[in-house]
Amino acid sequence: GENVEQHPSTLSVQEGDSAVIKCTYSDSASNYFPWYKQELGKGPQLIIDIRSNVGEKKDQRIAVTLNKTAKHFSLHITETQPEDSAVYFCAARRSNFGNEKLTFGTGTRLTIIP
Amino acid sequence: EAGVVQSPRYKIIEKKQPVAFWCNPISGHNTLYWYRQNLGQGPELLIRYENEEAVDDSQLPKDRFSAERLKGVDSTLKIQPAELGDSAVYLCASSLGRGGSQETQYFGPGTRLLVL
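Sequence lines, in order, name chains A and B. 97 is the number that the working numbering gives to position 97 of the first sequence; each next residue is one higher, with no gaps. 64 is the number that the working numbering gives to position 64 of the second sequence; each next residue is one higher, with no gaps.
There may be inaccurate statements among the hints.
In silico negatives: residues of chain A with every beta carbon more than 10 Å from chain B [to be verified]:
1) D59
2) H76
3) S85
4) I112
Distance condition first, Cα-Cα at most 27 Å in a straight line; then the derived BS3-like pairs of lysine-lysine [claimed, not checked]:
5) A:K37 / A:K68
6) B:K11 / A:K42
7) A:K37 / A:K101
8) A:K68 / A:K57
9) A:K22 / A:K71
10) B:K78 / A:K101
11) B:K15 / A:K42
12) B:K71 / B:K15
13) B:K16 / B:K78
14) A:K42 / B:K78
15) A:K37 / B:K11
16) A:K101 / A:K42
17) A:K101 / A:K57
18) B:K78 / B:K15
19) A:K71 / A:K58
20) A:K68 / A:K42
21) B:K16 / A:K101
22) A:K58 / A:K101
23) B:K78 / B:K62
24) A:K101 / B:K71
25) A:K42 / A:K57
Calculated from the structure, these hints are not laboratory results. We treat Cβ as the ideally placed atom computed from N, Cα and C, and that holds for glycine.
Work out the full structure: start from the sequences and follow the hints.
See the structure below:
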């Protein structure tokens with residue numbers, strides 16, 4: 001089955017600086033890679049996702065890059081703000097109708113230092 | 001648009017007692033998922049429903065866990081009897097269906113279970 005590794009497990013950055021979280025996956029057939037943000041006491045919230053037919057996707061201060069050859073993808077947050085503090089999870093899935101299981105990484109606790 | 005609704009939000013029980021969690025997915029979403037999230041870990045899939053059919057329950061501990069989605073809308077996850085190791089957050093998620101953006105999963109707030 002799919003295995004997703006996520007690094008680092010904790011990350012502290014000064015407000016205004018950039019944060020980068022990296023994930024690797026094992027199943028070369030995976031083709032969908034979402035990122036979720038989870039605040040304390042809440043469920044994961046989708047913040048951005050990317051499919052394997054593109055290499056980069058951007059939404060305001062958030063961007064995701066995908067390297068299919070190396071089987072890794074990264075989340076980039078620029079101009080970080082205190083409200084970005086949360087736990088971030090990457091995930092991977094092979095969408096071939098019948099095997100849509102989403103496999104999550106172990107999470108990165110991001111702390112923005114004011 | 002209302003999100004995924006779960007209840008209760010918190011539950012404390014003694015081991016060997018039964019417990020049930022309820023989920024109401026986003027209106028119109030055909031696919032419903034139950035996940036378990038242990039402390040400091042990512043969510044792990046327990047069961048996935050397409051309408052009322054359980055299409056992936058390979059990770060569900062069937063000796064003590066059961067789930068149902070009788071009318072293809074609301075779902076209930078039950079544990080009987082609960083063990084200490086069942087303490088976790090139980091998350092429900094839903095998606096429209098299959099293909100492209102329809103597969104995007106939206107999560108509820110979860111039920112935090114503590115077994116004493």
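Taking the hints in turn, this is what the structure says about them:
The Cβ of D59 of chain A lies farther than 10 Å from every Cβ of chain B, with a closest approach of about 14 Å, so its non-interface assignment holds. A cut-off of 10 Å between C-beta atoms confirms that H76 of chain A is not in contact with chain B; the least separation is 20 Å. Every C-beta of chain B lies more than 10 Å from that of S85 of chain A, the closest at about 17 Å, which supports listing it as non-interface. With a least CB separation of 20 Å from chain B, I112 of chain A remains clear of the 10 Å interface cut-off, as annotated.
Using a Cα cut-off of 27 Å, the hinted pair K37 of chain A and K68 of chain A holds, with the two alpha carbons roughly 23 Å apart. Annotation: proposed proximity of K11 of chain B to K42 of chain A holds, straight-line Cα distance about 15 Å (limit 27 Å). Annotation: proposed proximity of K37 of chain A to K101 of chain A holds, straight-line Cα distance about 19 Å (limit 27 Å). Using a Cα cut-off of 27 Å, the hinted pair K68 of chain A and K57 of chain A holds, with the two alpha carbons roughly 14 Å apart.
Note on K22 of chain A and K71 of chain A: the hinted pairing holds, with a Cα-Cα distance of about 11 Å set against a maximum of 27 Å. In summary, the hint linking K78 of chain B to K101 of chain A is supported, as the alpha carbons are separated by about 21 Å, within the 27 Å threshold. Annotation: proposed proximity of K15 of chain B to K42 of chain A holds, straight-line Cα distance about 25 Å (limit 27 Å). In summary, the hint linking K71 of chain B to K15 of chain B is not supported, as the alpha carbons are separated by about 31 Å, beyond the 27 Å threshold.
Restraint check for K16 of chain B and K78 of chain B: satisfied, since their Cα atoms lie roughly 13 Å apart, inside the 27 Å limit. At roughly 21 Å between alpha-carbon atoms, K42 of chain A and K78 of chain B fall within 27 Å of each other, so this suggested pair holds. At roughly 24 Å between alpha-carbon atoms, K37 of chain A and K11 of chain B fall within 27 Å of each other, so this suggested pair holds. For the given pair, K101 of chain A sits about 22 Å from K42 of chain A by alpha-carbon distance, which is consistent with the 27 Å threshold.
Distance hint between K101 of chain A and K57 of chain A is fulfilled; the C-alpha atoms sit about 23 Å from each other, no more than 27 Å. Only pairs whose Cα atoms come within 27 Å are accepted, and K78 of chain B paired with K15 of chain B is accepted, the gap being roughly 14 Å. Only pairs whose Cα atoms come within 27 Å are accepted, and K71 of chain A paired with K58 of chain A is accepted, the gap being roughly 19 Å. For the hint linking K68 of chain A to K42 of chain A, the alpha-carbon distance of about 31 Å lies beyond 27 Å, and the restraint is violated.
Under the criterion of a C-alpha separation no larger than 27 Å, the hint pairing K16 of chain B with K101 of chain A is inconsistent with the structure, at around 30 Å. Between K58 of chain A and K101 of chain A the CA atoms are separated by roughly 25 Å; this keeps the pair inside 27 Å, and the hint holds. For the suggested pair K78 of chain B and K62 of chain B, the alpha carbons sit about 10 Å apart, so the restraint of at most 27 Å is met. Between the alpha carbons of K101 of chain A and K71 of chain B the distance comes to roughly 23 Å, so the proposed pair stays at or under 27 Å and holds.
Between K42 of chain A and K57 of chain A, the direct Cα distance comes to roughly 26 Å. Compliance with the 27 Å bound is thereby established for this hinted pair.
Comparing the model with each earlier hint shows violations of hints 12, 20, 21; every other hint is respected.
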